[in-house]
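K.L.:
Chains as they are written, first to last, in this note's numbering: chain A, 777 to 852; chain B, 3 to 160.
Take these hints with a grain of salt, some might be off.
[As the list claims (entries may be wrong)] One side only, chain A facing chain B, incomplete, derived with CB under 10 Å:
| hint | residue |
| --- | --- |
| 1 | THR780 |
| 2 | GLU782 |
| 3 | PHE783 |
| 4 | VAL795 |
| 5 | ILE800 |
| 6 | PRO814 |
| 7 | LEU817 |
| 8 | LYS819 |
| 9 | ASN829 |
| 10 | ALA837 |
| 11 | ARG844 |
| 12 | VAL846 |
| 13 | ILE850 |
| 14 | LEU851 |
[Stated by the list, open to error] Chain A is nowhere near these chain B residues, computed Cβ spacing over 12 Å in every case:
| hint | residue |
| --- | --- |
| 15 | ALA31 |
| 16 | VAL55 |
| 17 | ALA64 |
| 18 | VAL68 |
| 19 | PRO137 |
What the hints contain is simulated information worked out from the structure, not anything from laboratory work.
Glycine included, every Cβ here is placed at the ideal spot set by N, Cα and C.
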Amino acid sequence: MKSTVEFLVKELVDNPDAVEVSEITGDDSTTYEVRVSPDDLGKVIGKQGRIANAIRTLVKAVAMKDKRKVYVEILA
Amino acid sequence: MADVTVDTLKERIFAFAEGYAASTGLDLAVSVTRDTPDAITVSVDGTDAAKVVGRGSRVLDALQLVATTACIHRGDPRLNVLFDSEGYRERREQLLVETANDLAAQVEEAGQEAVLDPLSALERKIVHNALLDHPSVMTYSEGLEPNRYIVIAPRPAQ
Chain A
777 MKSTVEFLVK ELVDNPDAVE VSEITGDDST TYEVRVSPDD LGKVIGKQGR IANAIRTLVK
837 AVAMKDKRKV YVEILA
Chain B
3 MADVTVDTLK ERIFAFAEGY AASTGLDLAV SVTRDTPDAI TVSVDGTDAA KVVGRGSRVL
63 DALQLVATTA CIHRGDPRLN VLFDSEGYRE RREQLLVETA NDLAAQVEEA GQEAVLDPLS
123 ALERKIVHNA LLDHPSVMTY SEGLEPNRYI VIAPRPAQ
């Protein structure tokens, strides 16, 4: 799943080298903290969070088989 | 930078779909099922295909949104991109047209409006087009995305 988050975010940004994804594992949930260059923040979030929500949908689709909750947080 | 051609965009979209499929670790295979001068349909099939469709095709639609945002930029030529899976879009279109015709018949008989569940812009277009030439009902959309829905109403007498 981490590879999916990384792939999607790197495809969207102008500075893929600045993308960092860390995985925080809880009891029944996993949080992915995504750090991007401040210039790329808008590209990853999109108007009214449309892109950020689409990323969440795509990551959750993969997480379904593990029955875990998945959160994706986007930070500059 | 040289001008981007439609073929370049198609290659980018296909590479994106393959990259996503590979990143998931799921059993997915990507292929182009329709290729015209201004449109491409990319199908994601395989034993895990149901996962990339999602309820009401929300995953397919998300894939389509992220792919077009990542691959097509301002100034690029126009390209319609559709993501599909195991023939989902065609089955869905048949169901939508069938539902539209059934509801149109009810509206015609009862003389009262009927409302459909919220649909994406793409799916609303299918319903609007299905009833465009209907002699006694008309369609319009109400509400705000993502809960915009179609109303089928009796056509006012001319």
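K.L.:
None of the hints should be skipped; say for each whether it holds.
P.N.:
Here is what the structure says about each hint:
| no. | hint | verdict |
| --- | --- | --- |
| 1 | THR780 | holds, 4 Å |
| 2 | GLU782 | holds, 7 Å |
| 3 | PHE783 | holds, 4 Å |
| 4 | VAL795 | violated, 13 Å |
| 5 | ILE800 | violated, 19 Å |
| 6 | PRO814 | violated, 19 Å |
| 7 | LEU817 | violated, 14 Å |
| 8 | LYS819 | holds, 8 Å |
| 9 | ASN829 | holds, 8 Å |
| 10 | ALA837 | holds, 4 Å |
| 11 | ARG844 | violated, 14 Å |
| 12 | VAL846 | violated, 13 Å |
| 13 | ILE850 | violated, 13 Å |
| 14 | LEU851 | violated, 19 Å |
| 15 | ALA31 | holds, 16 Å |
| 16 | VAL55 | violated, 9 Å |
| 17 | ALA64 | violated, 4 Å |
| 18 | VAL68 | violated, 5 Å |
| 19 | PRO137 | holds, 39 Å |
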